[in-house]
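Chemist: Listed below, chain by chain, are the residues.
2 protein chains.
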Amino acid sequence: MDIHEYMVTLGLQAKKAANMLARASTEQKNQALLAVASALEQQLAQLLIANKKDLQAGEEKGLDAALLDRLALNGERIQGMAEGLRQIAALPDPVGEISDLNYRPSGIQVGKMRVPLGVIGIIYESRPNVTADAAGLCLKAGNAAILRGGSEAAFSNQAIAACITLGLEQAKLSHNTVQVVQTTDRKAVGELITLKEYVDVIVPRGGKGLIQRVAMEASVPVIKHLHGVCHVYIDDQADIHKAIAIADNAKTQRYGTCNTMETLLVAENIASKVLPELARIYQQKGVEIRACKKTLTYITNALAATEEDWDTEYLAPVLSIRVVSGLDQALEHIYQHSSGHTEAIISENYSRSRRFLLEVDSSSVMVNASTRFADGFEYGLGAEIGISTDKIHARGPVGLEGLTSQKYIVLGDGHIRQ
Amino acid sequence: MDIHEYMVTLGLQAKKAANMLARASTEQKNQALLAVASALEQQLAQLLIANKKDLQAGEEKGLDAALLDRLALNGERIQGMAEGLRQIAALPDPVGEISDLNYRPSGIQVGKMRVPLGVIGIIYESRPNVTADAAGLCLKAGNAAILRGGSEAAFSNQAIAACITLGLEQAKLSHNTVQVVQTTDRKAVGELITLKEYVDVIVPRGGKGLIQRVAMEASVPVIKHLHGVCHVYIDDQADIHKAIAIADNAKTQRYGTCNTMETLLVAENIASKVLPELARIYQQKGVEIRACKKTLTYITNALAATEEDWDTEYLAPVLSIRVVSGLDQALEHIYQHSSGHTEAIISENYSRSRRFLLEVDSSSVMVNASTRFADGFEYGLGAEIGISTDKIHARGPVGLEGLTSQKYIVLGDGHIRQ
Chain S
1 MDIHEYMVTL GLQAKKAANM LARASTEQKN QALLAVASAL EQQLAQLLIA NKKDLQAGEE
61 KGLDAALLDR LALNGERIQG MAEGLRQIAA LPDPVGEISD LNYRPSGIQV GKMRVPLGVI
121 GIIYESRPNV TADAAGLCLK AGNAAILRGG SEAAFSNQAI AACITLGLEQ AKLSHNTVQV
181 VQTTDRKAVG ELITLKEYVD VIVPRGGKGL IQRVAMEASV PVIKHLHGVC HVYIDDQADI
241 HKAIAIADNA KTQRYGTCNT METLLVAENI ASKVLPELAR IYQQKGVEIR ACKKTLTYIT
301 NALAATEEDW DTEYLAPVLS IRVVSGLDQA LEHIYQHSSG HTEAIISENY SRSRRFLLEV
361 DSSSVMVNAS TRFADGFEYG LGAEIGISTD KIHARGPVGL EGLTSQKYIV LGDGHIRQ
Chain Z
1001 MDIHEYMVTL GLQAKKAANM LARASTEQKN QALLAVASAL EQQLAQLLIA NKKDLQAGEE
1061 KGLDAALLDR LALNGERIQG MAEGLRQIAA LPDPVGEISD LNYRPSGIQV GKMRVPLGVI
1121 GIIYESRPNV TADAAGLCLK AGNAAILRGG SEAAFSNQAI AACITLGLEQ AKLSHNTVQV
1181 VQTTDRKAVG ELITLKEYVD VIVPRGGKGL IQRVAMEASV PVIKHLHGVC HVYIDDQADI
1241 HKAIAIADNA KTQRYGTCNT METLLVAENI ASKVLPELAR IYQQKGVEIR ACKKTLTYIT
1301 NALAATEEDW DTEYLAPVLS IRVVSGLDQA LEHIYQHSSG HTEAIISENY SRSRRFLLEV
1361 DSSSVMVNAS TRFADGFEYG LGAEIGISTD KIHARGPVGL EGLTSQKYIV LGDGHIRQ
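Sequence order for the protein chains is S and Z.
With my numbering, the residue at position 125 of the first sequence is 125, and numbering never jumps.
With my numbering, the residue at position 308 of the second sequence is 1308, and numbering never jumps.
If you're looking for bench data, these hints aren't it; they were derived computationally from the structure.
Errors might be hidden in some of the hints.
[Claimed, not checked] Partner residues are not named here, just some residues of chain S that face chain Z (Cβ under 7 Å, in silico):
1) 246
2) 249
3) 364
4) 369
5) 405
6) 416
This structure is a prediction, so every number in the text was calculated from the model and none was measured.
Every residue, glycine too, gets a C-beta built ideally from N, C-alpha and C.
Next up, chain S with everything else stripped away, as it sits in the complex (with noise of 0.2 Å):
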């Protein structure tokens, strides 16, 4: 089979798809959601010898525990993700929503109305369950899926094509609404970031390394993130209480997700008040702290930071420390170091506050709150695909919103221009 070909073929046939779904009604992609959901657990059987015989074949690579377990599926697991399903059924469908209808002096009136964005091509790794739910959002956005998981989880990602493609049956939709690549030759990703004609938007998920070859040779608009190294900052104006509640927090709560905090700032003022309890908890919690040589005069039981440790984002039980003078070393900071995630300042000081919202520039900025919550469901989205870090289409978690676009209408009564 010729790679470019199929890929094409492809593109085509979602373009058409993606055609057809724009006007569907909420009812019918509301029903086809269902029926997806009811399908994964009617075919539970199936779907788990699948992930078998993709688990054997992992374990004969010598794929690693993690691996295996992203890549491992359950009763539990499966019941998720037709449970996301009916979730995004649930959601409002943005489609359509007309806003902003006002009348100009010309006697026309000018409103945007959601669209869906057209094809979205889907590349992520190896956990099977983002096939549903990657395929759900697209879906209820209105928007012709291309999904292209991990060749370790093709069996699995198969099965749980097949439950797709009976509830887009059944709801009457076309099965090319949502295409899973059936083919593992990795050629077919550099086929699908560069099919401008028929893809609108790629979104990949997975690792740094996977993200960062998409987005350094793709054509088409990628939405994606990168890593993140977000930061608190915790102001010598700060709560103390507030102060280390957040910042344990935003650390360990989850070492492993993106928005977890890499490096906390401490305001010279008020290192003696939290460091010492900080080091603590941290400690305790097997936390192992990389600290500025400042920092080092207030704790023990730290390393010294490097240079290399205010750009890494660890995913684990390991954080940064570094004592700044005040507000404006922070942001000075924030600014060399930042992956434009999530950052957060803890400040009883209303300018300090203002000053910090406006002047960062990452995805999200809060005041005294912990950087975990900077997601798809704690912002009320209902759900989401990704985070995006770039400023372009979609910024912070992307939810169906950030997989629509707005076109202009028009209404008038026979209004020419003069």
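Following the hints, put chain Z in place on chain S, whose structure we already have.
Modeler: Same frame as chain S, now just chain Z:
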């Protein structure tokens, strides 16, 4: 001079200036805009001298009259630039606008704050006024700009740039806020559109050739429209008076604009009532008609349309006309041939108008109004940097808002994630 190094230097300087500008007050930005406007008026003599150099060189190179006209400055055009900048100064500042700030069940408040995109690269052809217009819009939206105009306008652009620098300095903003590329080497464009690390978006302005080249080769996101093949569909339930007025206006109010109608679709049942009258009007105004076979049974003095006509943006007193069976065939024709710019239906039928609004996938979709309204000023954007027919980020006329992004802000009171 090494072009790559030079462009990287411009990029670095722009990024630094953008970081400063993002924090500049509305007043400071407006001061700069007004100071540039005054400088343009005060340096009228120098601008005309510089422009004369370009015009003389252009004549020696044998540029055609239309191009020389676009290149030419005079008192009125310079006054127009100054006036445009004063209008931009009078527009509300989009930066810092907070919207949708709501409490979430966790207790945090989540909202969005409008922020500048960062650095915008503008690539344009021979119109020197773009230098002032584009610089003004970028500046007001808090973005640094790198401007690359056509080599034919090099002296004029430098003279305008000198006025911009003067204005920026008077408002105590960095002169790197707006940089004009100082080389006419074409390699500079190739560098600018791939400067991913420093440039956030590229806006090409000019002919289809330029825009196609930029879109093809850019790795930086591009806000663009290639061409406008705009359609008006006269439904058989149209008000005949409105239909004729709009079909006349959409074609003849101006011929050279991208929102001018290029193809008229007429429902068969109403063709005999509108086509003869329209043909009379068009003939009177010197509009050449390229007609489908059916159309030719209603009118005389028309050429037979070829397949190519349905995809052609004439930008001239030429119009293609096709008789269709009704709405479905009109939608199908638009789906096949539209450039995604602007389409209008003329109808008194509620359900058909509603379907047209939903189903036509163009940046502007209209009911009973002339396509000529598709314009930033008519839509109330105050000014426009261009019209986008893409779906990512900005669609339709792009004003100040299209030159910004939104970040999430989270306000808490010591909130941590459970």
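Chemist: Hints first: check each against the structure and report whether it holds.
Modeler: Hints, verified against the model:
Nearest Cβ of chain Z to the Cβ of residue 246(S): about 6 Å, under the 7 Å cut. The hint holds. The interface hint given for residue 249(S) holds, since its Cβ lies 4 Å from the closest Cβ of chain Z, which is under the 7 Å cut-off. Given hint, residue 364(S) at the interface with chain Z, holds; its Cβ is 4 Å from that chain's nearest Cβ, closer than 7 Å. Interface hint status for residue 369(S): upheld, as the beta-carbon distance to the closest one in chain Z is roughly 3 Å, under 7 Å.
Taking 7 Å as the C-beta contact cut-off toward chain Z, the hint placing residue 405(S) at the interface holds, the least distance being around 4 Å. The beta carbon of residue 416(S) is positioned within 7 Å of a beta carbon in chain Z (closest approach about 4 Å), and the interface hint is therefore held.
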